[in-house]
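Engineer: Which chain is which? The protein sequence lines are A and B, in order.
Letter by letter, the first sequence follows residues 1 to 427 in the numbering used here.
Letter by letter, the second sequence follows residues 1 to 427 in the numbering used here.
No wet-lab data here; the hints were simulated from the structure.
Example chain B residues on the side facing chain A (calculated, C-beta under 10 Å, incomplete):
hint, residue
1, T294
2, G296
3, R305
4, K324
We treat Cβ as the ideally placed atom computed from N, Cα and C, and that holds for glycine.
2 protein chains.
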Amino acid sequence: MTVRAGVVVTGTEVLAGRVTDRNGPWVAQRLLEMGVDVAHITVCGDRPDDLTAQVRFLADQRVDLIVTTGGLGPTADDLTVPTVAALYGRELALDAELEDRIHAIVQRWRSRMSSAADSEPLRAGIRKQAMVPQGAQSISPTGTAPGVAIPSDESRSLPAVLILPGPPRELQAMWPEALDSAPVAEVLARRTQMRQDTIRGYRLSEADLAETLRTAEREITGFDDLEITTCLSLGELEMVTRYAESARPAYMDLERLVGKIHGARVFSTDGSTIDDIVAHRLSGHRIATAESCTGGMIAARLTDRAGSSAYVIGAVVSYANEAKTGLLDVPAEVIDQHGAVSEPVAALMAEGALNRLNVDIAVSTSGVAGPGGGTEAKPVGTVCFAIAVTGRPTVTHTLHLPGDRASVRALSTTAAMHMLADALETR
Amino acid sequence: MTVRAGVVVTGTEVLAGRVTDRNGPWVAQRLLEMGVDVAHITVCGDRPDDLTAQVRFLADQRVDLIVTTGGLGPTADDLTVPTVAALYGRELALDAELEDRIHAIVQRWRSRMSSAADSEPLRAGIRKQAMVPQGAQSISPTGTAPGVAIPSDESRSLPAVLILPGPPRELQAMWPEALDSAPVAEVLARRTQMRQDTIRGYRLSEADLAETLRTAEREITGFDDLEITTCLSLGELEMVTRYAESARPAYMDLERLVGKIHGARVFSTDGSTIDDIVAHRLSGHRIATAESCTGGMIAARLTDRAGSSAYVIGAVVSYANEAKTGLLDVPAEVIDQHGAVSEPVAALMAEGALNRLNVDIAVSTSGVAGPGGGTEAKPVGTVCFAIAVTGRPTVTHTLHLPGDRASVRALSTTAAMHMLADALETR
Numbered sequence: 001m002t003v004r005a006g007v008v009v010t011g012t013e014v015l016a017g018r019v020t021d022r023n024g025p026w027v028a029q030r031l032l033e034m035g036v037d038v039a040h041i042t043v044c045g046d047r048p049d050d051l052t053a054q055v056r057f058l059a060d061q062r063v064d065l066i067v068t069t070g071g072l073g074p075t076a077d078d079l080t081v082p083t084v085a086a087l088y089g090r091e092l093a094l095d096a097e098l099e100d101r102i103h104a105i106v107q108r109w110r111s112r113m114s115s116a117a118d119s120e121p122l123r124a125g126i127r128k129q130a131m132v133p134q135g136a137q138s139i140s141p142t143g144t145a146p147g148v149a150i151p152s153d154e155s156r157s158l159p160a161v162l163i164l165p166g167p168p169r170e171l172q173a174m175w176p177e178a179l180d181s182a183p184v185a186e187v188l189a190r191r192t193q194m195r196q197d198t199i200r201g202y203r204l205s206e207a208d209l210a211e212t213l214r215t216a217e218r219e220i221t222g223f224d225d226l227e228i229t230t231c232l233s234l235g236e237l238e239m240v241t242r243y244a245e246s247a248r249p250a251y252m253d254l255e256r257l258v259g260k261i262h263g264a265r266v267f268s269t270d271g272s273t274i275d276d277i278v279a280h281r282l283s284g285h286r287i288a289t290a291e292s293c294t295g296g297m298i299a300a301r302l303t304d305r306a307g308s309s310a311y312v313i314g315a316v317v318s319y320a321n322e323a324k325t326g327l328l329d330v331p332a333e334v335i336d337q338h339g340a341v342s343e344p345v346a347a348l349m350a351e352g353a354l355n356r357l358n359v360d361i362a363v364s365t366s367g368v369a370g371p372g373g374g375t376e377a378k379p380v381g382t383v384c385f386a387i388a389v390t391g392r393p394t395v396t397h398t399l400h401l402p403g404d405r406a407s408v409r410a411l412s413t414t415a416a417m418h419m420l421a422d423a424l425e426t427r
Numbered sequence: 001m002t003v004r005a006g007v008v009v010t011g012t013e014v015l016a017g018r019v020t021d022r023n024g025p026w027v028a029q030r031l032l033e034m035g036v037d038v039a040h041i042t043v044c045g046d047r048p049d050d051l052t053a054q055v056r057f058l059a060d061q062r063v064d065l066i067v068t069t070g071g072l073g074p075t076a077d078d079l080t081v082p083t084v085a086a087l088y089g090r091e092l093a094l095d096a097e098l099e100d101r102i103h104a105i106v107q108r109w110r111s112r113m114s115s116a117a118d119s120e121p122l123r124a125g126i127r128k129q130a131m132v133p134q135g136a137q138s139i140s141p142t143g144t145a146p147g148v149a150i151p152s153d154e155s156r157s158l159p160a161v162l163i164l165p166g167p168p169r170e171l172q173a174m175w176p177e178a179l180d181s182a183p184v185a186e187v188l189a190r191r192t193q194m195r196q197d198t199i200r201g202y203r204l205s206e207a208d209l210a211e212t213l214r215t216a217e218r219e220i221t222g223f224d225d226l227e228i229t230t231c232l233s234l235g236e237l238e239m240v241t242r243y244a245e246s247a248r249p250a251y252m253d254l255e256r257l258v259g260k261i262h263g264a265r266v267f268s269t270d271g272s273t274i275d276d277i278v279a280h281r282l283s284g285h286r287i288a289t290a291e292s293c294t295g296g297m298i299a300a301r302l303t304d305r306a307g308s309s310a311y312v313i314g315a316v317v318s319y320a321n322e323a324k325t326g327l328l329d330v331p332a333e334v335i336d337q338h339g340a341v342s343e344p345v346a347a348l349m350a351e352g353a354l355n356r357l358n359v360d361i362a363v364s365t366s367g368v369a370g371p372g373g374g375t376e377a378k379p380v381g382t383v384c385f386a387i388a389v390t391g392r393p394t395v396t397h398t399l400h401l402p403g404d405r406a407s408v409r410a411l412s413t414t415a416a417m418h419m420l421a422d423a424l425e426t427r
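Please model the entire structure based on the sequences and the hints provided.
Structural biologist: Below is the structure:
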């Protein structure tokens, strides 16, 4: 059976576009992974009437579960629990044991901050956070805000609702206990288990993949039982397929067909990202980067990962030509002759990093990120790359990348990751 | 008069949490800036029934304008225009002139890609994109998808709707023409002009600002006419105030009060970000970074800005100790004696960058980003910084930053930007 959910994200700063919501996407992904269909996500500010309207809307859309995020703080504008409780016709009651627990958490924080004694506003805030709707189950807080799970109410045509706090770390830490709470577990028990698999391609166009899917539709038995979405992001094409266990053979046929037609353009069929693949292949290596137009973004991305100090030695951002010469030993005459954005300079940058940082693999970038600096011969978006590997000839590439400065820099960073993955594969 | 709007973001990949929506926040910000109140943002997949339900919901909430994004492509799953047109009871009609224009745009792209001749699916896709609801106004495409503005329909209790494409660059380029279209202009003409001003603080707590706002509420005449939201992000506290022109004196009083109480912790009252301030103050300088735990993030952030090549010379990411010694001349004995995460090492890193890259200001970071590597004396989150300036003693700081690896790295990057701003101010 299909179980449908809706997500309500609260927060004036999210509604106003000043803060990027991380909870809606995270909750949606978790629900989809476990076979729950996400029908709607709604965002509202701190106005109780708007929140009530959104919950009522999702109920009218016959979702089986509503998850709300945010609005559980100690201050007066945090209104999710009383607003939802009123809609469900449930009185709030103080949970004294919960109040003590929140108080203990707050005391621990305050002792670290060496603040003054309890104030009345502070105690009132804690009491507010410890109010639980009658018949609801509270979810243990990891910050100061407990969550609440309220069972469905058929007489009011209201589905089960799970109320979680706004800070992503708190929400994510509370998720397992939330799923186990009776009101949520009861809904989840009704669902058909779904699998979800992801295929990722690089330099593979949406049109080409669409053509392959048309072939699949003709040739693969059970293709219609696969729910496929595709998405192009930073030059990577992601194809996510959801299916019931019974459709597994059809999915395996599809995976084979995509691999057969697109070959090496498919770089992942097991969910791994290009960052996972590069990190895995870098095991036992020493890497450095030499960056101009990417300005340190490749180094930042490599070191984003815990444990990257095992293989990242360092990087040189040689933004000015004098830095290319001074730190990477690129002769000024080569820059004069070919220009900074050229394959010879990119090659010497990578080789300079290889030597100076004593690594066995180095990647370099030199390009015109824009908006200025473009010429007829080298328009904005022209980026030269090189990969230098100990004991091998240095390989260079030139790409013409679309979009604005941010786009060119981001696409260059992703391109460098793919070049690294390729170079590390064929050693 | 208050004009209210709702935004509908379409896209299965957004609903599924795989792609971060950039359109909802962008549209919300633009609307708020011009004094339109954004009441709801909703996200739906590619199912017409869900889209119809969301538009109907926003209409029931009495918004004056609905903006939809996405679902205007040439393929069958792009259904926004026919779905909304059906709800508004308007037939679709082919706009032959528009069809020709889209055809010309597609031909230009295809000639660059050196593809084959027109195919029937291609022509069908173009024809689909050139279908305009009767009585609606089309908005010129900047990609291949034109937008559509449909006037309000009182007999159906439906507000004006503006339909725009999903690619953010296309949507943003079409925005000015969309605002001028008769159905949208008619709604905007009814609004009260609102001002919006932003005050930004650093190392200023939400609790302290809340206390200041309570004082303001008591002391400032007209305080209730100010609509204030506060938001803490990466250690920066942002206070955004919306108000009608008549409440300008109250806002000026508030700005003075906040400045009087919080002094230098308020770094911006004119909308400028710390990146704007640093870029402005770097004019005429030469800067380099020497980064360990931030792994190139400060350099990437500085070079994110067009024109940064005027002052960014380069950076050294000295992730391994040997890179600190080899590229930044930090003596191995100092690292042995104090540890890599120490103020003496941070100072020598910044000074090494100053000398090696021949700049007049350099910032360095060395810290424990986690999850591993923490000790009793230097737990995860301990980050040492230094600012070296030609002719001045090098200044060091140690911060203890909360959160996971990504949080420590991001907070460190922002902290470095503020240290740069301070150092550049007092020259």
